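Taken in order, these protein sequences are the chains called V and U. Residue numbers for the first sequence, in our numbering: 1 to 110. Residue numbers for the second sequence, in our numbering: 111 to 225.
Hints listed in this document are in silico derivations from the structure and should not be mistaken for laboratory results. Keep in mind the model is a prediction, meaning the values are calculated, not measured. Check before you lean on any hint, since a few could be wrong.
Said to hold, decoys possible - Cross-link-like lysine to any residue pairs, in silico, SDA-like; alpha carbons within 25 angstroms at most:
1) U:K151 - V:E1
2) V:K41 - U:V172
3) V:K3 - U:K174
4) V:K41 - U:P218
5) V:K3 - U:E213
6) V:K41 - U:I122
7) V:K68 - V:T20
8) U:K174 - V:M13
9) V:K3 - U:L156
10) V:K3 - U:I122
11) U:K151 - V:T107
12) V:K41 - U:E169
13) V:K3 - V:K68
14) V:K3 - U:T142
15) V:K68 - V:V55
16) V:K3 - U:P150
17) V:K56 - U:E213
18) V:K41 - U:V121
19) U:K174 - U:P218
20) U:K176 - V:D97
21) V:K41 - U:P118
22) U:K151 - V:M13
23) V:K41 - U:L136
24) V:K109 - V:H81
25) V:K41 - U:P196
26) U:K130 - U:T141
27) U:K151 - U:V121
28) V:K41 - U:K165
29) U:K165 - V:D97
30) V:K3 - U:K151
31) V:K3 - U:Q152
32) U:K130 - V:G40
33) V:K109 - V:N7
34) U:K151 - U:E169
35) V:K41 - U:E197
What the hints assert, rightly or not - Not everything, but these chain V residues come out facing chain U in the computed CB check (under 8 angstroms):
36) S42
37) L43
38) F88
39) M98
40) F100
Idealized CB from N, CA, C, for every residue including glycine.
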Amino acid sequence: ELKVEQNPLFLSMQEGKNYTIYCNYSTTSDRLYWYRQDPGKSLESLFVLLSNGAVKQEGRLMASLDTKARLSTLHITAAVHDLSATYFCAVDGNNNDMRFGAGTRLTVKP
Amino acid sequence: GAVVSQHPSWVICKSGTSVKIECRSLDFQATTMFWYRQFPKQSLMLMATSNEGSKATYEQGVEKDKFLINHASLTLSTLTVTSAHPEDSSFYICSASSGRQYEQYFGPGTRLTVT
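Bound conformation, chain V alone (with noise of 0.2 angstroms):
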């Protein structure tokens, strides 16, 4: 059974920083995607990584995909007020079913 595990679940941070939110998932998968929600409202996607080595940015965020580690990392550069959200890694299972990891709740402060 594919398994998705991210750390760390809360993660506080000071405006102006730097962090690393981790994704592994413990068998061979394609895909992997990175998704933040707001409280109350759906997924929003950020990230598809689809090949061994993709690094993918936008803005403050890149995304980049291991598959051999089966390891997916976000990073956070000069983190602002504006990121606070849950960010949700997801990993394709056998019958494209996803499967998501537990979330990393993630509150910048001023």
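Following the hints, complete the assembly by docking chain U onto the known chain V.
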């Protein structure tokens, strides 16, 4: 493009009644739709996968007789929570895939409260 809607966005129902949630792909044909449940401050848990015109595949531990899924067309899937109980109160999110591409597109979610 790739917009998925859900209706209603929130619903309150009494214990023992049934409630239907609709998931529509507005600008593409969804060969596969997924239903997720999210309890407060928890992750999304896949409930079932439905392909148009065939029976849904339910995840282990999800009662198929309680959560009825119908994917009758390429743009509409419905989830009916039958004989709802307070423990069914949750945020239900659907997603849709065209099958041509890998990505799933998520709906805005439906918040169900059972009193």
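Quiz prompt | Hints that the structure is at odds with (numbers, increasing) | solution = Failing hints, ascending: 8, 10 and 28.
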